[in-house]
Amino acid sequence: MQQTSPGISLEGQVALVTGSSRGIGAVIARRFAEAGAKVALNYNASVTAATEVMDSITTGGGDAMLIAGDVSDEVSAQETIKAVIERFGRVDILINNAGIHRDRLLLRMTPADFDEVLQVNLRGAFLCTKYVMPHFVRQHYGRVINMSSVVGLTGNPGQANYAAAKAGLIGFTKAVAREVASRNVTVNAVAPGYIATGMVEDLTEEQRNQILERIPMGRFGTSEDVAETILFLSSKGAGYLTGQVLTIDGGLIA
14 MQQTSPGISL
24 EGQVALVTGS
34 SRGIGAVIAR
44 RFAEAGAKVA
54 LNYNASVTAA
64 TEVMDSITTG
74 GGDAMLIAGD
84 VSDEVSAQET
94 IKAVIERFGR
104 VDILINNAGI
114 HRDRLLLRMT
124 PADFDEVLQV
134 NLRGAFLCTK
144 YVMPHFVRQH
154 YGRVINMSSV
164 VGLTGNPGQA
174 NYAAAKAGLI
184 GFTKAVAREV
194 ASRNVTVNAV
204 APGYIATGMV
214 EDLTEEQRNQ
224 ILERIPMGRF
234 GTSEDVAETI
244 LFLSSKGAGY
254 LTGQVLTIDG
264 GLIA
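All letters in the sequence shown, in the order written, are residues 14 to 267 by the working numbering.
These are computed hints drawn from the structure, not numbers from a lab.
Please read these numbers as outputs of a predicted model, since none were measured by experiment.
Don't be surprised by glycine CBs; every beta carbon is placed ideally from N, CA and C.
Misleading hints may appear alongside valid ones.
[Stated by the list, open to error] Simulated restraints on C-beta separations:
id	residue 1	residue 2	range
1	ARG117	LYS187	39 to 49 Å
2	ALA188	GLU129	17 to 27 Å
3	THR64	GLU92	31 to 41 Å
4	LEU119	ARG191	11 to 21 Å
5	ARG121	ARG191	31 to 41 Å
6	GLY171	GLU218	31 to 41 Å
7	LYS95	GLY231	40 to 50 Å
8	THR123	ARG191	47 to 57 Å
9	GLY171	SER195	34 to 44 Å
[Claimed, not checked] Pairs of lysine-lysine residues, derived as DSS-like cross-links and limited to a Cα-Cα distance of at most 25 Å, are as follows:
id	residue 1	residue 2
10	LYS249	LYS187
11	LYS187	LYS143
12	LYS95	LYS143
13	LYS143	LYS249
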């Protein structure tokens, strides 16, 4: 595929993007393919949407595969990594993007609401990272990027479960980064702010205006903003950057 940013190339590399059937994950997958990477698209239920993403990549001359699987399930996570290796012979980049939300105030939040969000958003990243790491260590190269959120840094009413999972990802990122740095494997996180996806689109106009007043740049972020930052973190040029959390929020919590 034609690269839109010739300064960053992922030619010859293989990237696994979890939760890539829609939203930010789909944009990341397409952007990585544009940069020359072979892309493994993980999805849980949205096969039609995931297929559309894959078709958009292959139609443009890229190489992609679909992998159905629940990343919070240990066997499924293992099989996902195995499938990538069997198809492409290697894996170089893991983007732990899969995530869900079950927003409710604490007094109304059920234990199931809490557990389900942590299972997918935090346990899923743990499992995928655990089972990809032997390959990274063996080849003495790898990139892990975890999708956190500014909510993991600031908290947000009605999102105790989501905030806990995203904050946990930050601690997980920093700990694992220290464990594997000597093996030329970097582990970083991004913390997007208000990105113009479905969650923002569901807000009322009044709510959106109130949020925009708090963002110094005066606009919501885009999925492309997030994808470009992750592309950099995945590149060889970011080889001395590890254990970091990059906020992509237009200055919201600066």
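Tested hints:
no.: 1; hint: ARG117 - LYS187: 39 to 49 Å; verdict: violated, 29 Å
no.: 2; hint: ALA188 - GLU129: 17 to 27 Å; verdict: holds, 24 Å
no.: 3; hint: THR64 - GLU92: 31 to 41 Å; verdict: violated, 19 Å
no.: 4; hint: LEU119 - ARG191: 11 to 21 Å; verdict: violated, 32 Å
no.: 5; hint: ARG121 - ARG191: 31 to 41 Å; verdict: holds, 38 Å
no.: 6; hint: GLY171 - GLU218: 31 to 41 Å; verdict: violated, 20 Å
no.: 7; hint: LYS95 - GLY231: 40 to 50 Å; verdict: holds, 46 Å
no.: 8; hint: THR123 - ARG191: 47 to 57 Å; verdict: violated, 35 Å
no.: 9; hint: GLY171 - SER195: 34 to 44 Å; verdict: holds, 41 Å
no.: 10; hint: LYS249 - LYS187; verdict: holds, 20 Å
no.: 11; hint: LYS187 - LYS143; verdict: holds, 15 Å
no.: 12; hint: LYS95 - LYS143; verdict: holds, 13 Å
no.: 13; hint: LYS143 - LYS249; verdict: holds, 22 Å
Hint compliance for this structure: hints 1, 3, 4, 6, 8 are not met, and every other hint is.
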